[in-house]
Each structure stands twice: as structure tokens, then as C-alpha cells.
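S.K.: Sequence:
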Amino acid sequence: MDSVVLIWLQFGLCVGVIGVAGVRLSRYGDALAALTGLSRNWVGLILLATVTSLPELVTGLSAVTVAAAPDIAVGDVLGSCVFNLAILAMIDVTYRKGAIYALADSGHIVSAGFGVILLAGVCLAVLLTTQGMMPSIGHVSLASVMIFVMYLVAIRALYLTEQRRSSLVVAKQPDMTLKAALMGYGVASATIVGAGIWLPIIGVELARLMGWSNSFVGTLFVAFATSVPELATTWGAIRISAIDMAIGNLLGSNLFDVLILAIDDFAYLPGAIYAHVSQVHAVSAITACLMSGVVIVSLAYRPVSRVWHIASWASLSLLALYLLNAAIQFLHGQ
20 MDSVVLIWLQ
30 FGLCVGVIGV
40 AGVRLSRYGD
50 ALAALTGLSR
60 NWVGLILLAT
70 VTSLPELVTG
80 LSAVTVAAAP
90 DIAVGDVLGS
100 CVFNLAILAM
110 IDVTYRKGAI
120 YALADSGHIV
130 SAGFGVILLA
140 GVCLAVLLTT
150 QGMMPSIGHV
160 SLASVMIFVM
170 YLVAIRALYL
180 TEQRRSSLVV
190 AKQPDMTLKA
200 ALMGYGVASA
210 TIVGAGIWLP
220 IIGVELARLM
230 GWSNSFVGTL
240 FVAFATSVPE
250 LATTWGAIRI
260 SAIDMAIGNL
270 LGSNLFDVLI
280 LAIDDFAYLP
290 GAIYAHVSQV
300 HAVSAITACL
310 MSGVVIVSLA
320 YRPVSRVWHI
330 ASWASLSLLA
340 LYLLNAAIQF
350 LHGQ
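Using my numbering, read the sequence shown as starting at 20 and increasing by one per residue.
Honestly, the hints are just simulated from the structure, not real lab data.
Note that this is a predicted model, so its numbers are computed, not measured.
Do not rely on the hints blindly, as some may be mistaken.
To be verified - Per label pair, the in silico range of CB-to-CB distance:
no. : residue 1 : residue 2 : range
1   : Pro-154   : Val-323   : 44 to 54 Å
2   : Ala-339   : Leu-228   : 23 to 33 Å
3   : Leu-288   : Arg-227   : 17 to 27 Å
4   : Asp-21    : Ala-339   : 36 to 46 Å
5   : Arg-321   : Val-24    : 46 to 56 Å
6   : Gly-312   : Phe-243   : 20 to 30 Å
7   : Val-112   : Leu-350   : 20 to 30 Å
8   : Ser-22    : Thr-196   : 39 to 49 Å
9   : Arg-227   : Val-164   : 32 to 42 Å
Virtual Cβ for every residue (Gly too), placed ideally from N, Cα, C.
Sequences are here, hints too, so could you generate the full structure?
M.R.: Written out as C-alpha cells, the structure is:
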């Protein structure tokens with residue numbers, strides 16, 4: 020029992036460290052963007068999304084190299100994608116100044132659409148690899164190479180989309196110098212790197228002590244821990260009514276998270292990572308696709324009414340899909 024309590028305390032400490040460092044990292048990232056004259060939309064989509072996904076990157080690399088637990092790496096990435104979209108539903112529940120889907124910029128449809136494409140590619144990679152139908156280049160799956168290329172295409176398309184939209188909102192000038200922002204950014208990044216290396220090791224031990232599968236621990240617990248920066252950053256953006264920055268952060272994080280999966284595959288030397296993980300990860304990928312589809316429809320339809328004065332039908336659908344995926348992962352992990 021002492022070992023179980025100790026590992027849960029270590030997990031909680033790791034979550035806390037990542038959360039605090041993630042908030043600081045986002046603050047310094049936003050300051051860097053303001054000092055370089057970037058727009059708020061672009062800050063949320065690229066800069067904040069990238070820096071808040073740093074825990075997933077470090078955790079994934081640690082999982083496939085140090086901990087030799089590819090299921091935790093893949094579960095972390097896909098679980099984070101599902102959790103990020105559930106955060107969007109939480110925003111709708113807590114934000115009472117208006118309907119977030121009606122207030123949000125319709126340009127987010129593009130990033131959500133690319134999210135569907137990338138996540139569907141991951142689902143195909145998992146299913147086709149188990150059937151021996153996905154070729155590899157050395158120890159790297161061809162799917163990972165295609166994901167990497169598609170991510171670059173997505174970023175290019177999003178950049179051009181942003182350039183066409185002339186109504187850019189420039190972030191407020193921060194009360195710090197560029198040097199201070201760079202130093203703070205570096206310290207926060209180093210803290211997250213340290214916690215990210217520790218996290219999958221805790222995850223493997225947690226799975227062993229609790230009798231759970233690595234895929235279940237990675238998809239729910241590790242994914243929650245590494246998504247704490249997204250949660251903190253999104254909440255901070257909502258507090259200042261920066262809806263577009265919040266949504267851009269979540270959708271951009273999902274794009275970068277899928278890229279992380281391709282990076283994990285490059286780092287996993289025993290072979291294509293999709294051949295060494297459970298097929299249940301395909302359920303998370305499909306769930307994330309469905310949730311992204313709900314976001315696309317809601318951004319186009321722009322619902323303003325709330326079901327039982329709680330949230331829109333879109334947000335309730337997102338929460339239902341998240342709980343469904345969690346239940347499937349739990350049943351599989353027993």
C-alpha cells in the first residue's frame with residue numbers, strides 16, 4: 020500500500036510541476052510573440068500550441084527510449100488530443116459572456132479539418148500495420164513520414180489563411196524585455212523537460228502496481244498530466260475573453276501532438292511504433308476525429324442556445340465522446 024501511495028504522490032507532484040511550468044511557459048511565449056509583433060490567433064495556433072505540447076514531446080521520447088513503453092507514448096498523444104477537445108467543451112460550460120462557437124473566428128475550421136486528416140492517418144497506421152499492410156523505411160513507418168509531410172502542409176496552409184485575413188489582433192505589449200522573456204522561456208522549458216522525462220517512468224510503475232495496461236495509463240493519466248499546460252493556458256485566455264487564442268491553442272496542440280507521434284516513431288529503434296502498441300489506440304484516434312468533426316460543424320453552424328442552460332449540444336457531444344473513449348480504455352485496461 021505504501022508503494023501505491025508513493026507512486027500516486029509522485030504522479031501528483033509531476034502534474035503540479037508541469038502545470039506551474041506550463042503556465043509560466045505560456046506567459047513567456049505570449050510575451051515573445053507580442054515583442055515580435057505576431058497576432059493573437061497565430062500565437063494560440065502555433066506558438067502557444069507548440070510550447071504547451073512540450074510535455075507530450077518529452078514524455079513520448081522518454082517513453083520510447085528510457086522507459087521502453089511505446090503504448091504510453093501513443094496513448095499520451097491520442098489521449099491528449101481527446102482531452103484537448105474536451106477542454107473546449109469545458110470552456111463552453113464555464114464561459115457565460117456568450118456562445119463560444121458564435122464568437123470564435125471561422126478560420127479555426129481549417130485547423131480542425133487538418134486535425135481530422137492527421138488523426139485519421141494515425142488510425143489507419145495502427146490498423147494497417149497490425150495487418151502487415153503498412154510499409155516501413157528502415158525502422159520508421161511510412162505513415163510517420165506522411166504525417167510529418169502533412170503537418171508541414173497544414174502549417175503552410177494555416178499561415179496562408181492567416182495572411183489572407185487582414186484583421187489581425189496584435190497581442191498587448193508585455194511588461195518585460197525580450198531578454199527576460201527568453202530567459203524565462205528557457206527555465207520553464209527545462210523544468211518541463213525534466214518532469215516529462217520522469218512522467219512515463221512513473222506511468223509504467225503506476226500501471227504495474229495498479230494492474231492496468233500501459234495503453235490505459237497513457238491514454239488517461241499521462242495524457243491528463245501532459246495536457247495540464249493546455250488547460251491552464253486555455254483558462255487564462257478565457258479569463259481575458261481571448262476566445263480565438265484559447266481555441267487556436269487547443270486545435271494547434273492537436274496538430275503538434277500528432278507530429279510528436281511521428282517523432283516518437285523515429286526515436287523508437289526496435290521498429291515501427293504502430294506494430295508494438297495495442298489496437299485500442301485506434302479507438303482514441305477515431306474518437307478524436309469525431310470530436311474534431313463536431314467542432315467543425317459547430318463553428319460553421321454557430322449554435323447559441325444551451326441545453327438545460329448548461330452548454331450547447333456540440334459541447335455535450337464532445338463530453339459524451341470523451342467519456343465513451345475513457346470507458347472503452349478502462350474496460351480494455353482491466
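S.K.: If a hint holds in the structure, say so; if it does not, say that too.
M.R.: To see whether the hints hold, each was checked on the structure:
At about 48 Å, the beta-carbon gap between Pro-154 and Val-323 stays in the expected band of 44 to 54 Å. Range check, Ala-339 to Leu-228: about 31 Å between beta-carbon atoms, so the 23 to 33 Å window is met. At about 23 Å, the beta-carbon gap between Leu-288 and Arg-227 stays in the expected band of 17 to 27 Å. Range check, Asp-21 to Ala-339: about 38 Å between beta-carbon atoms, so the 36 to 46 Å window is met.
Arg-321 and Val-24 have their C-beta atoms about 48 Å apart, which keeps the hinted 46 to 56 Å range intact. In this structure, Gly-312 and Phe-243 meet the distance hint of 20 to 30 Å, their C-beta atoms being roughly 23 Å apart. For the pair Val-112 and Leu-350, the supplied restraint of 20 to 30 Å holds, since their beta-carbon distance comes to about 27 Å. A C-beta distance of roughly 47 Å is found between Ser-22 and Thr-196, which places it inside the suggested range of 39 to 49 Å.
A hinted range of 32 to 42 Å for the beta carbons of Arg-227 and Val-164 is consistent with their spacing of about 34 Å.
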